Amino acid sequence: MNVIAEISRWAIPLLLLLIPVTAYLRKVPVYESFVEGAEEGFKTGVRILPFLIGMLVSIRVFVDSGALNILSHWLQPLFALLGLEADFAAIIPLAIMRPLSGSGALGVATQLINEYGPDSYIGRLASTLQGSTDTTFFVLTVYFGSVGIKKYRYALKLGLLADIIGLIISVWIVTKVFY
Amino acid sequence: MVNLIWLLMLAIGIIVSAFNGHIENVTISAMKAAELGVEVAIELIGVMSLWLGLMRLAEEAGLVKGIARIFGPAIRRLFPSLRPDSPALGAIIMNLSANILGLGNAATPFGLKAMQELQKENPTPDVASPAMITFLALNTSCITLIPATIIGVRLKANSANPTEIIGTTIVATGCAMFMAILVDYFIRHRRKT
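Listed in order, the protein sequences are those of chains A and B. Sequential numbering of the first sequence, starting at 1, is according to this note's numbering. Sequential numbering of the second sequence, starting at 1, is according to this note's numbering.
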C-alpha cells in the first residue's frame, strides 16, 4: 500500500516536471503553449458555473431541511425485516447523499465515523461507501452541462445503478471481511 | 428525469423545512449554496487552467498520443464509436488515471476536456452520445486506490487501523465499475440491433 501512496504523492510533481521538459526538448514553445491551453480553463469554469449553482441550491435545500433523517427513520422497519443490523438505517442518509454531493457525503460520513467509532460496523461501512463511488448526479449535470448536452438518455440510470451495486457490495464485503 | 429530481429535492426540502418550523433555513441554504457554487467554480478555474495548460504542452509534445497508443487498445474496446486516433482517448485515459490515483482536482479538468473532445464527434449536439455515457459511467464508478480523505478522517477519529478499509473499498468500487461497463455494453448492443 505504501508504494501506491508514494506514487500518489509523486505523481503531480513528476508530471509538472516531465511534461514541460519533454515538450521543450521537442521544440514546443513551452510557456506560450501553456498559457494558450490555460485560457480554456477560464472558459470552461464560467460555462459550468450555472450548472454548479443550480445543482448546489437544490441539493443544499434538500439536505439542510433534514428530509434525509425522516426518510431513514421510515426505512428502519424495512431493514429490520431484511434481517440487517438495527444500526443499519444510520447509513441511509450517506447512501442517498453519496451520488448527490461530495462535500455533503463527506460531512455525513465524518459524523457517522465520529458517532459510532471508526472501527465499528457503521464506521467501516461509511468509510467504504465514501471511498467507493463518486457523486454521480453532480458529475453528470456538470459534465453534460459544460458541453451543452440536454438529453442524458440512459446515463443517469446507469450511473445510479452502479451506485446501488456499490452500496450492496459494500455492505456484503464489510460484513464478510470484518465479521 | 434530471428536471424531476431537481424539482423534487427543492420542493421536498422546502416542505420539510416548513413542517419542522424552520422555513427561514431554506433562504439561508439557498443563498449559501449559490455563493458556494461561485467559489467552487472560481477555484476550479485555477486548477483547470493549470492542468489544461499542461495538457496542451503534453499534446504538442506528442505525449497524449503516445499514452493513447499504449493504453488505447484496452480503452478503445469500450468506445467502439470513436475514431481510433480520437484525441478524446488521451483525455479519457488521463482522467481515469487521475481518478485511480485519487487526484480529484486533476481529474475534473481532464474529464471536462474529454467531454469537449467527445462532443466534437457527437452527431447530435444536444443528445448524449453512447461514448459520453460510457465515459461518465466509468468516471463515476472508477476505482480509487487510496481513498486519502476518508483515511484522514479515520485517523483523526483514533481508528486502530485507518487503512483497513482500502481493500473493501477497492472490491466495492471494482464490482460497481465492472457492472457499469457490463450493463452499458448490453444497452448499447440492444439499441443497435
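Treat the hints with care, as some may be off.
As the list claims (entries may be wrong) - DSS-like cross-link-like pairs, simulated, lysine-lysine; straight-line CA separation at most 25 Å:
#1 A:K43 / B:K156
#2 B:K120 / A:K150
#3 A:K43 / A:K151
#4 B:K120 / B:K156
#5 A:K43 / B:K32
#6 A:K43 / A:K176
#7 A:K151 / B:K120
#8 B:K32 / A:K27
Simulated from the structure, these hints should not be mistaken for laboratory data. Owing to the predicted nature of the structure, the values given are computational and were not obtained by experimental measurement.
Taking the hints in turn, this is what the structure says about them:
1. A:K43 / B:K156: 39 Å, violated
2. B:K120 / A:K150: Between B:K120 and A:K150 the Cα gap is close to 16 Å, so the pair holds against 25 Å.
3. A:K43 / A:K151: Within the cut-off at roughly 22 Å; holds.
4. B:K120 / B:K156: Not satisfied, since the Cα-Cα distance of roughly 46 Å exceeds 25 Å.
5. A:K43 / B:K32: 24 Å, holds
6. A:K43 / A:K176: Given that 25 Å is the threshold and the Cα spacing comes to 48 Å, the pair is violated.
7. A:K151 / B:K120: 16 Å, holds
8. B:K32 / A:K27: The hint is violated at about 48 Å.
Consistency with the previously given hints fails for numbers 1, 4, 6 and 8, ordered from lowest to highest.
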